[in-house]
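Asker: Chain order of the listed sequences is A and B. Every letter in the first sequence is one number past the one before it in this note's numbering, and letter 126, counting from 1, is 126. Every letter in the second sequence is one number past the one before it in this note's numbering, and letter 130, counting from 1, is 130.
Please note that a few of the clues may not be correct.
[Claimed, not checked] Distance ranges between label pairs, derived from CB positions:
#1 A:Met66 - B:Val78: 46 to 54 Å
#2 A:Arg230 - B:Pro215: 31 to 39 Å
#3 A:Ala295 - B:Thr244: 26 to 34 Å
#4 A:Phe77 - B:Gln85: 38 to 46 Å
#5 B:Thr244 - A:Gly258: 21 to 29 Å
[Said to hold, decoys possible] No farther apart than 30 Å at their CA atoms in a straight line, the calculated lysine-lysine pairs in the DSSO-like style are these:
#6 A:Lys68 - A:Lys80
#7 B:Lys192 - A:Lys30
#8 A:Lys120 - A:Lys220
#9 A:Lys200 - A:Lys120
#10 A:Lys200 - B:Lys192
#11 B:Lys119 - A:Lys30
#12 A:Lys119 - A:Lys200
#13 A:Lys220 - A:Lys123
#14 A:Lys200 - A:Lys123
It is worth saying that the hints were derived from the structure and are not from the lab. A virtual CB, placed ideally from N, CA and C, is assigned to each residue, including glycine.
Residues per chain are reported as follows:
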Amino acid sequence: MADVVVEQGRLARAASPRKRASLRHAMGRKSTVAFFLTLPLILLIALLVLYPAFYSVYLATLNKAMTKFVGLSNFTFLFKRETFWMVVRQSCIFAITAVVFKALIGFIVAHFVHNIPGKKQRKWRGMLLVPWVIPPAMSTLAWLWLFDPSYSAFNYTLSFFGIGPIPWLGDTFWARFSVILVNVWYGAPFFLIMYLAALKSVPDQLYEAAAIDGANWWQKIWHITLPMMRNIIAITTLFSLIVTFANFDIVRILTSGGPLDRTHLFATWAFQVGIQSSDIPLGACVSLFMVPILAVAAVFILRDVNKRGNEA
Amino acid sequence: MSTLAIDKTGPTRKVKLGSMSRDRTWALRWSYFFLVLFAIFFLIPPVYMLITSLKSSAEISAATNPWWVFHPTLSNYVELLTSNQFLRFFWNSSMISIVVVIVTMLISIPAAFALARMKFWGSATLATGVFLTYLIPDSLLFIPLFKMLAVVQEFTGITLLNRWYVLVFIYPTLTVPFCTWIMIGYFASIPKELDEAALIDGASWLQTLTRIFIPVALPGLIAATIFAFTVSWAQFLYPLVFTTSIDQLVLPVGITTTLIKGDVFNWGQIMTGALLGAAPPLVIYAFLMDYYIAGLTAGATKG
Numbered sequence: 001m002a003d004v005v006v007e008q009g010r011l012a013r014a015a016s017p018r019k020r021a022s023l024r025h026a027m028g029r030k031s032t033v034a035f036f037l038t039l040p041l042i043l044l045i046a047l048l049v050l051y052p053a054f055y056s057v058y059l060a061t062l063n064k065a066m067t068k069f070v071g072l073s074n075f076t077f078l079f080k081r082e083t084f085w086m087v088v089r090q091s092c093i094f095a096i097t098a099v100v101f102k103a104l105i106g107f108i109v110a111h112f113v114h115n116i117p118g119k120k121q122r123k124w125r126g127m128l129l130v131p132w133v134i135p136p137a138m139s140t141l142a143w144l145w146l147f148d149p150s151y152s153a154f155n156y157t158l159s160f161f162g163i164g165p166i167p168w169l170g171d172t173f174w175a176r177f178s179v180i181l182v183n184v185w186y187g188a189p190f191f192l193i194m195y196l197a198a199l200k201s202v203p204d205q206l207y208e209a210a211a212i213d214g215a216n217w218w219q220k221i222w223h224i225t226l227p228m229m230r231n232i233i234a235i236t237t238l239f240s241l242i243v244t245f246a247n248f249d250i251v252r253i254l255t256s257g258g259p260l261d262r263t264h265l266f267a268t269w270a271f272q273v274g275i276q277s278s279d280i281p282l283g284a285c286v287s288l289f290m291v292p293i294l295a296v297a298a299v300f301i302l303r304d305v306n307k308r309g310n311e312a
Numbered sequence: 001m002s003t004l005a006i007d008k009t010g011p012t013r014k015v016k017l018g019s020m021s022r023d024r025t026w027a028l029r030w031s032y033f034f035l036v037l038f039a040i041f042f043l044i045p046p047v048y049m050l051i052t053s054l055k056s057s058a059e060i061s062a063a064t065n066p067w068w069v070f071h072p073t074l075s076n077y078v079e080l081l082t083s084n085q086f087l088r089f090f091w092n093s094s095m096i097s098i099v100v101v102i103v104t105m106l107i108s109i110p111a112a113f114a115l116a117r118m119k120f121w122g123s124a125t126l127a128t129g130v131f132l133t134y135l136i137p138d139s140l141l142f143i144p145l146f147k148m149l150a151v152v153q154e155f156t157g158i159t160l161l162n163r164w165y166v167l168v169f170i171y172p173t174l175t176v177p178f179c180t181w182i183m184i185g186y187f188a189s190i191p192k193e194l195d196e197a198a199l200i201d202g203a204s205w206l207q208t209l210t211r212i213f214i215p216v217a218l219p220g221l222i223a224a225t226i227f228a229f230t231v232s233w234a235q236f237l238y239p240l241v242f243t244t245s246i247d248q249l250v251l252p253v254g255i256t257t258t259l260i261k262g263d264v265f266n267w268g269q270i271m272t273g274a275l276l277g278a279a280p281p282l283v284i285y286a287f288l289m290d291y292y293i294a295g296l297t298a299g300a301t302k303g
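Starting from the given sequences, assemble the full structure and let the hints guide the process.
Answerer: Spelled out as structure tokens, the structure:
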């Protein structure tokens, strides 16, 4: 392969005066070719992502029958509803708690996997990533069955320790706990994989130098691991924050927002209002409230991604 | 298993200081201990799916130890795999996922090639835009898309709502941005000399793409394909909103809506259905784990 390339280089130098004209010609054509190559992508994004996004803003300004323009009255209506503020609070609690625990578990387990001999790592990594591979709708069904009020396998097991039957999905606190638990279960393996990849990129010499200087394990983590992984931690966390904040499947299947709307997130509430109660404008309005948080997270991710690109 | 590993690694290390190697052995032991704990946590739901799927309804309602199968039976599998309804869901899901993978590749490979190699007006902005699109979640777009489909249906008279094949046009919005993004990364990592050589040899852009870029970036291509398949197989919100008739449903929606009848949960069948629904991604993962993980990590680190 390499000598072929070298030969091409020599050829190119020899033929350079004649080649220049045709190269310029190719350059001229290049932008046209590039345009046609990206056209399907541009069309797809414009028609099925950008257009609906703006259409959603327009929809949010209509009345329920979608016959007349009502300005911001959908928004003011939401502001007056207590359920709306509950959904805002719940979405924030859900996203922040879940992401923190996912990141923590991912970080800890990544260290354990990193500790064991290299040959065995593959097997463990493969086993620990399974929750991320199963479609969330399917695995949430298994959790629903584990939480079942009368046949809960968890309550059966806990009864041996004298812990009374827990109303996993029936009580406000436990329902929120369960929803977050399932989300952590589903998302932690993603963090694990990302952090493991990041851990492997930290040079061993740094730890050896630190060990010679007499650093303990906490100092190694605080002064070497975390700074070296800062970028990947930031990107993974922000990315997961977006996905968790916009989560639909888990809450929909596990609780449908209940008990008494106490586990609704923006996505599930928008579905209930917009599709099930067929108030499309109000539903669009609810889902639009996700935009500010998503936008802030996106700006930070973009900054980190670009920074990374420049470093490399 | 774990003790065996410790015996093997412990003594073979160069022992300089007794305390240091002892520390390391203990760290290893603790690592295995916690790994086992976390593995149990991570594997409980799929294992419990399997356990329940092997039980008859009588055994499930008998309130015996839920963690053990006393009378294993395959009746749930037989029943589901012979039911036309379930096979229909499976067929719909497979068709959609396969077509979406093809459409995704046809859109994102040329686009990634152009964005990685041809600097043209707005190419940097477009690449950033693609990444931003990837961050827009489905739960933001399902209401306007639903209304759009209804409006188009009204104007053209073509039935779009409640048709499974419409999902083939919607799903690429979820798969294309990510696939393009990681393909840009893979293409950009190919040395420029390689395609310059081809260009000088008189290869056209198309030949450069098919003869050099696609073969060299094949691992990335496989990772992107796996991603596109997994995402379209697992998608739940769009089919839930856009399809309602039983013969138009995809697997995740079909299982959650048809197997749960009112308050009656036939758990044996639900778990069997869920396990069968999880099987294709799991099988792909089992065989192509390294590509899967490469794609996962490339998404956030490449570019």
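Asker: Now tell me, hint by hint, if it's right for this structure.
Answerer: Now for the hints, and whether the structure bears them out:
For Met66 (chain A) and Val78 (chain B), the Cβ-Cβ distance of about 48 Å falls inside the hinted range of 46 to 54 Å, so the restraint holds. For Arg230 (chain A) and Pro215 (chain B), the Cβ-Cβ distance of about 36 Å falls inside the hinted range of 31 to 39 Å, so the restraint holds. Distance hint for Ala295 (chain A) and Thr244 (chain B): a CB-CB separation of about 33 Å, consistent with the stated range 26 to 34 Å. Take Phe77 (chain A) and Gln85 (chain B): their Cβ atoms lie about 41 Å apart, and the range 38 to 46 Å holds.
Evaluation of the 21 to 29 Å hint for Thr244 (chain B) and Gly258 (chain A) yields a pass: the beta carbon distance comes to about 22 Å. A distance of roughly 22 Å separates the Cα atoms of Lys68 (chain A) and Lys80 (chain A); the hinted pair therefore holds under the 30 Å criterion. The straight-line distance between the Cα atoms of Lys192 (chain B) and Lys30 (chain A) is roughly 16 Å, inside the 30 Å bound, and the hint therefore holds. A C-alpha spacing of about 24 Å is found between Lys120 (chain A) and Lys220 (chain A), which places the hinted pair at or below 30 Å, so the restraint holds.
Proximity of Lys200 (chain A) to Lys120 (chain A) is assessed by CA-CA distance (about 15 Å); at most 30 Å being required, the pair is judged to hold. Only pairs whose Cα atoms come within 30 Å are accepted, and Lys200 (chain A) paired with Lys192 (chain B) is accepted, the gap being roughly 28 Å. For the hint pairing Lys119 (chain B) with Lys30 (chain A), the CA-to-CA distance comes to about 9 Å; that is within 30 Å, so the pair holds. Simply put, Lys119 (chain A) and Lys200 (chain A) have alpha-carbon atoms about 14 Å apart, close enough for the 30 Å limit, and the pair holds.
Restraint check: the Cα-Cα separation between Lys220 (chain A) and Lys123 (chain A) comes to about 27 Å, which is no more than 30 Å; the hinted pair holds. For the hint linking Lys200 (chain A) to Lys123 (chain A), the alpha-carbon distance of about 16 Å falls within 30 Å, and the restraint holds.
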